[in-house]
Every structure is written in C-alpha cells, then in structure tokens.
Amino acid sequence: MEYTLKDTDYEFSETEVKHEVIRIGESENDLFEIEFKLTCSFGFLEFAHNFVWLNEDITTLLNQIEKIGEKKHGSLSVLSPGIAFSYEKYKHKDNLYEFTFHLDTGFINSDMGTGANLGLTLMTSLEEIRNWIQSLLKQEN
Numbered sequence: 004m005e006y007t008l009k010d011t012d013y014e015f016s017e018t019e020v021k022h023e024v025i026r027i028g029e030s031e032n033d034l035f036e037i038e039f040k041l042t043c044s045f046g047f048l049e050f051a052h053n054f055v056w057l058n059e060d061i062t063t064l065l066n067q068i069e070k071i072g073e074k075k076h077g078s079l080s081v082l083s084p085g086i087a088f089s090y091e092k093y094k095h096k097d098n099l100y101e102f103t104f105h106l107d108t109g110f111i112n113s114d115m116g117t118g119a120n121l122g123l124t125l126m127t128s129l130e131e132i133r134n135w136i137q138s139l140l141k142q143e144n
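In this text, residue positions in the sequence shown follow the working numbering: the first is 4, and each later residue adds one.
Hints are computed from structural coordinates only; laboratory data are not their basis.
Any given hint could be a false lead.
Said to hold, decoys possible - Quick list of in silico lysine-lysine cross-link-like pairs, DSS-like style, CA-CA up to 27 Å: (1) 75 - 94; (2) 9 - 141; (3) 96 - 141; (4) 74 - 40; (5) 141 - 21; (6) 9 - 94; (7) 9 - 74; (8) 92 - 74; (9) 94 - 141; (10) 21 - 40; (11) 94 - 40; (12) 94 - 74; (13) 74 - 96; (14) 141 - 40.
Unchecked claim - Distance windows between CB atoms, simulated: (15) 5 - 47: 14 to 24 Å; (16) 122 - 74: 11 to 21 Å; (17) 69 - 101: 16 to 26 Å; (18) 101 - 33: 16 to 26 Å; (19) 97 - 31: 25 to 35 Å; (20) 115 - 14: 22 to 32 Å; (21) 73 - 115: 21 to 31 Å; (22) 65 - 28: 30 to 40 Å; (23) 76 - 11: 15 to 25 Å; (24) 48 - 5: 18 to 28 Å; (25) 73 - 112: 36 to 46 Å.
Virtual Cβ for every residue (Gly too), placed ideally from N, Cα, C.
Whole structure, please, built from the sequences with the hints as guidance.
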C-alpha cells in the first residue's frame, strides 16, 4: 500500500513524501516489523530508501502527535533508526505546520547512525500527518 503526503502548495513546490509498505512481519508478543520504502521528491529530484520500523514506532509517533496541541515547534522520534521529524506551527494559518523529515545519511549509507542528515520540509496539517503515519499499519485486503 502506498500513501503520499503532499505539500499544501504542491502545484508550486512539487514536494511530497510517500511511503510504500513492502512487508508486514509476523506478530510476536504484539510486536511486528513494517518494511517500507520512503520516497522524498520535489520537482525533478527524488530520493528513496527502505526502512524497517516496529508497530510500536508508529504508536509512539501517533502519541507524540496527539501531544503537540498548542506547541509551536518541537521534534518527534522513534526507536528505530534512520528517520526523525521536526515541526513548526505556521504562524499565518492555525491548522498548518512546517513538517520536516530528517533522514540520517550515515544510517542510509553505512547502517551507522550519525548526526548528518538530509531534510525535506513540507507544509501540511496535523490530520494529514496523522493519516500518513497511520496508513503504515493499514493493509490492502
């Protein structure tokens, strides 16, 4: 299953982040792996890499999103390596956030976590962010 999160000004920025679930592993003690391909694109440039998260990572992110509330900025993270997130409330519209995906280039290139990262920011609502994350758990029937 594939799900795309587009920048609110996509027609101008052509910026989007999508994930495609490749495999959902067997459940063991209520934990299971989710292998997915993350693709960041803007205009003619595109970068894709496969990641493996646990369902617990998604629950953690969803819990963190619920606590954003009136916070103006912050970060979100999971236990699995490779991706972190930051957000900043857009001051000109109440329901929009600048949401940045931080991809750890050390993890991507060498399976070793580092402080170096590649980031892509898009403007979106918390509802869209929530739907994008939740869709990692949904399977097509």
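Consistency of the hints with the structure:
At roughly 9 Å between alpha-carbon atoms, residue 75 and residue 94 fall within 27 Å of each other, so this suggested pair holds. Using a Cα cut-off of 27 Å, the hinted pair residue 9 and residue 141 holds, with the two alpha carbons roughly 19 Å apart. Distance restraint check for residue 96 and residue 141: the Cα-Cα separation of roughly 30 Å exceeds the 27 Å cut-off, and the hinted pair is therefore not satisfied. Proposed proximity of residue 74 and residue 40 is contradicted: the alpha carbons are some 30 Å apart, above 27 Å.
Between residue 141 and residue 21, the direct Cα distance comes to roughly 14 Å. Compliance with the 27 Å bound is thereby established for this hinted pair. Between residue 9 and residue 94, the direct Cα distance comes to roughly 19 Å. Compliance with the 27 Å bound is thereby established for this hinted pair. The suggested pairing of residue 9 with residue 74 holds, with an alpha-carbon distance near 23 Å, which does not exceed 27 Å. A distance of roughly 8 Å separates the Cα atoms of residue 92 and residue 74; the hinted pair therefore holds under the 27 Å criterion.
Between residue 94 and residue 141, the direct Cα distance comes to roughly 33 Å. Violation of the 27 Å bound is thereby established for this hinted pair. At roughly 8 Å between alpha-carbon atoms, residue 21 and residue 40 fall within 27 Å of each other, so this suggested pair holds. Taking the CA atoms of residue 94 and residue 40, the gap is near 32 Å; set against the 27 Å cutoff, the hint is violated. Among the hinted pairs, residue 94 with residue 74 is consistent with the structure: their alpha-carbon atoms are about 12 Å apart, no more than 27 Å.
Under the criterion of a C-alpha separation no larger than 27 Å, the hint pairing residue 74 with residue 96 is consistent with the structure, at around 14 Å. For the given pair, residue 141 sits about 15 Å from residue 40 by alpha-carbon distance, which is consistent with the 27 Å threshold. Separation of residue 5 from residue 47 is about 20 Å and conforms to the stated range, judged on CB atoms against 14 to 24 Å. Our hint of 11 to 21 Å for residue 122 and residue 74 holds, since their Cβ atoms are close to 20 Å apart.
Between residue 69 and residue 101, the C-beta spacing of about 19 Å keeps the proposed range 16 to 26 Å intact. Residue 101 and residue 33 have their C-beta atoms about 34 Å apart, which leaves the hinted 16 to 26 Å range violated. Distance hint for residue 97 and residue 31: a CB-CB separation of about 42 Å, inconsistent with the stated range 25 to 35 Å. Between residue 115 and residue 14 the C-beta distance comes to about 39 Å, which lies outside the given range of 22 to 32 Å.
In this structure the supplied range 21 to 31 Å is violated for residue 73 paired with residue 115, their Cβ-Cβ distance being about 37 Å. Separated by about 19 Å at the C-beta atoms, residue 65 and residue 28 break the suggested range of 30 to 40 Å. Take residue 76 and residue 11: their Cβ atoms lie about 18 Å apart, and the range 15 to 25 Å holds. Between residue 48 and residue 5 the beta carbon distance is about 19 Å. The supplied range of 18 to 28 Å therefore holds.
Take residue 73 and residue 112: their Cβ atoms lie about 38 Å apart, and the range 36 to 46 Å holds.
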